[in-house]
Structure formats: C-alpha cells, structure tokens
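Novice: The listed protein sequences derive, respectively, from chains P and B.
First residue of the first sequence? That's 1 in this note's numbering, and the numbers climb one at a time after it.
First residue of the second sequence? That's 1001 in this note's numbering, and the numbers climb one at a time after it.
Any given hint could turn out to be false.
[Claimed, not checked] Sample of chain P residues at the chain B side, in silico, Cβ under 7 Å: (1) Lys7; (2) Glu14; (3) Ser30; (4) Ser38; (5) Gln63; (6) Gly69; (7) Phe80; (8) Glu84; (9) Pro87; (10) Asn131; (11) Val133; (12) Val135.
[To be verified] Label-pair distances were calculated between CB atoms; the ranges are: (13) Ser1127/B - Asp79/P: 18 to 26 Å; (14) Lys1021/B - Gln54/P: 15 to 23 Å; (15) Lys1065/B - Val67/P: 14 to 22 Å; (16) Ala21/P - Lys1191/B: 56 to 64 Å; (17) Asp47/P - Asn1183/B: 40 to 48 Å; (18) Arg1121/B - Asp79/P: 35 to 43 Å; (19) Arg1121/B - Lys143/P: 39 to 47 Å; (20) Arg1185/B - Lys181/P: 37 to 45 Å; (21) Gly32/P - Tyr1176/B: 51 to 59 Å; (22) Glu1153/B - Gly32/P: 39 to 47 Å; (23) Asp1017/B - Lys136/P: 18 to 26 Å; (24) Thr152/P - Lys1021/B: 19 to 27 Å.
[Unchecked claim] Covered by chain P, per the in silico footprint, the following chain B stretches (three or more residues, Cβ under 8 Å): (25) 1029 to 1039; (26) 1051 to 1057; (27) 1080 to 1090; (28) 1142 to 1149.
What the hints contain is simulated information worked out from the structure, not anything from laboratory work.
On a predicted model such as this, the values are computed, not experimentally measured, just so you know.
Beta carbons: idealized from backbone N, C-alpha and C, even for Gly.
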Amino acid sequence: MARSKGKKLVYVSEGLIDGIAKISRNRGESVGKIVEDSLRQSVRVNDEGYDVKQVADFFSVMQAHRVLGGVFVPSGVLDFLVAEVYPHRRDLLLDKWFESGCWHGKYLKEKFDNPVKAFGCFLELSRWDLNEVEVKELVGSVKIRCVSTVLTTEGTESLAKFIEGVMDGLGYKTEHVDCLKGMIILESKI
Amino acid sequence: MKSSRRKMLAAREDLADKLGKMASSKGFTIFGMVNNLLELAVSVEAMGISLDEAVDNYRIIKAVKNASFTLVLESLLYDTTEIAYQKAKEKTLTTWFDAGVWVGRQYISRGADDPFTALKRDLKAFSWNIPEFTMEKTEKEVSIRVLSPRFSESYTLLFNRFLEGILEAFGYGVTYKEVGRGNIRLEAAKKDG
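Could you put together the complete structure from these sequences and hints?
Specialist: Encoded structure:
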C-alpha cells in the first residue's frame, strides 16, 4: 500500500476495474469515488457485525424470490393452511411446488455461473426452517440433504417436490428421494 | 481465470487503515481483502442497488425471520387460502387474526422505542406483492390502506383480519372498514384505558 496526501494507494486487480468503470459510467462518478464508496460501505457493514458476502448473497436470493413470486406469510398461518388443505388436495399442492421448483431451477441456471451451488445458498439463506443443508456436486450427479427439526410431514414432502422441480429446471433427473418427516435425501443425475 | 495484473487506486487513508485491520483479523492480505470487497460491491451494484441498501434489506429480512414469517409461493398461498377459506371460513379468519395479534405483540415485546413504526417499516418492505400499502399513525388514530389487484376476495378478507389483529395488539379498535377484492381501508382509534 503506497501513501500520498491523506490517501493511500491500494492495489486493485485489473479485471475488477472494468466492472467498476461500468458503475462509474452509469453513475456519472469517478472510478476513485466508486472504489472509496464501496470500501467505506464494506467497512461499515463489517463494523456493524455483518458479513459483506452474506449480505450480497442474501440480496441475490431475495431478488430471485421476488422475481419468482415468493411472498412472506406468518408461519402459523401457513401451517394452518397446509394442514387444512393438504389432506384433500395433496396432489395439486405438490404439483404446484414442483412447477415452482422448475421455474426456480431455470432462473438459477440463467443467472448464476454455478447454479447448483447457488441453489444450495438459496436453500440455506431462505429456508430458515432447515437446520442443515448439504448440496454435493459430484461428477454428473448432485446429492442434496436437508434436515429440519420443525418441518411437518406435509412441509417436508412439499420441499422435496420443490427440490425435484429445481433439479428438473437445472437439467437433472431425480433418481432417488428419501423423504421422512424433517429429512430429505435426494439424488439427481444429468 | 481472473487477471493477475494490478492497478493502483487512491483510497482515503483512514479507510485504507481500517481495511488493513480488517484484513489481518480475517487472515487476508490487503490486496485480497480490497478485491473481495470490491468484487462483492460490484456484484450488488449489478443488481441495481448499493451495498447500503443491501444491508438495509438484510436487516429487514432478519427482522421478518424473527417475527416468524416464512417465504411461500404467492400463487400457492392464494390457492391454499381459497380452499381453506371455503372449507372452514371462521377458523381461517380466526387464524389470520391471531397471527396479526401475535406479530403485533412480538414487535411490542422487543422493547423498541416505536414498535408500530418498526412493524410498519418491515411490513411494507417485505409486502412486495402489495403495490400500495400505507399505514399512518397519529397519537390516537391509525389509518391503513391496501391496494393489490392480485388479491383474491378471500385473501383480501383474511389479510384484513391479519391487520385487525395487529391493531388489536397495539390497543386500537376499528372505527371504519371498507373491504373489497384487493382493496382494504381501515380506520382505527386507541381504545380507552
């Protein structure tokens, strides 16, 4: 780090400068100001005890939910609705979860360089009813394991269908699903 | 593979010093730290917002999580609501009202200076499926307006009960109510005592 009047020079990878230059053109501000603003915000985020990467990941996940028709509802209401409706319209609900999963899969494939990894992040950050999420990418296949101590049987089956839909949207075929109350183990192959 | 060539850019001295401390506490080099942070800032900016806005969003979602809200598909929510409402109208209405009371009390019990404003801010922020949602509060009165063409008739009635539950939790009684498909207007006044 080199030093000048009240300023220090920091090294930035040349590859990043293009991205910063684009922001600079869009905002009509200098590259130096963009860099300083970004670093200032990052330091503030860190000082407040947040992790910059987690904040960025979280925002991209929420953005995907917003685009794909996700809405918030009180958990108690959702549990009640599912318990009321599931016994009579199970197939309809599961079809809807699968269909929505397909959309999510196609969206992730379109938006992320590594959509499988992005999906793992998506589950971890937005399904706060899950205690454990494991997404393993193997050669030509993906293994997913989700564990929850609060998910109902209906909720577990719905999530499994959603995951199957996502994998379908990503171009995988589900080979095997183990679905017990609060636990899903799923294997998909290309 | 990313370019390994480097350019030098000027940053405010105090900022650069803080970044140096951050880097050493996390086991990064300053170059690695600065580049990671800038890469993230660029990726956030590419989504059309600033890092500051992303942090605000993150805070709100954390509050929503603490208030026991969960994400669900909008179409699925409306369909399920419709079926449940037709099947057990009173029970469904009561569940939504109770959920409103629960959420309201949860915000009150957090000990914030102004729990109503906190709830209003969070509700508005995550109700992205509602194009117009206003909650105005004076010392003794509250006025709520909701407009959403996507709401079904039954969902409107249930969402109205949810809002009434919130008002109940904050000690307000409804004095005027207008509820039609996708349209809710509520006026409420502080209950005596």
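Novice: So, for every hint listed, does it hold in this structure?
Specialist: Cross-check of the supplied hints:
no., hint, in the structure
1, Lys7, "4 Å, holds"
2, Glu14, "4 Å, holds"
3, Ser30, "10 Å, violated"
4, Ser38, "4 Å, holds"
5, Gln63, "6 Å, holds"
6, Gly69, "4 Å, holds"
7, Phe80, "5 Å, holds"
8, Glu84, "4 Å, holds"
9, Pro87, "10 Å, violated"
10, Asn131, "14 Å, violated"
11, Val133, "15 Å, violated"
12, Val135, "18 Å, violated"
13, Ser1127/B - Asp79/P: 18 to 26 Å, "20 Å, holds"
14, Lys1021/B - Gln54/P: 15 to 23 Å, "20 Å, holds"
15, Lys1065/B - Val67/P: 14 to 22 Å, "20 Å, holds"
16, Ala21/P - Lys1191/B: 56 to 64 Å, "59 Å, holds"
17, Asp47/P - Asn1183/B: 40 to 48 Å, "44 Å, holds"
18, Arg1121/B - Asp79/P: 35 to 43 Å, "26 Å, violated"
19, Arg1121/B - Lys143/P: 39 to 47 Å, "41 Å, holds"
20, Arg1185/B - Lys181/P: 37 to 45 Å, "43 Å, holds"
21, Gly32/P - Tyr1176/B: 51 to 59 Å, "56 Å, holds"
22, Glu1153/B - Gly32/P: 39 to 47 Å, "56 Å, violated"
23, Asp1017/B - Lys136/P: 18 to 26 Å, "41 Å, violated"
24, Thr152/P - Lys1021/B: 19 to 27 Å, "47 Å, violated"
25, 1029 to 1039, "holds (count 8)"
26, 1051 to 1057, "holds (count 5)"
27, 1080 to 1090, "holds (count 6)"
28, 1142 to 1149, "violated (count 0)"
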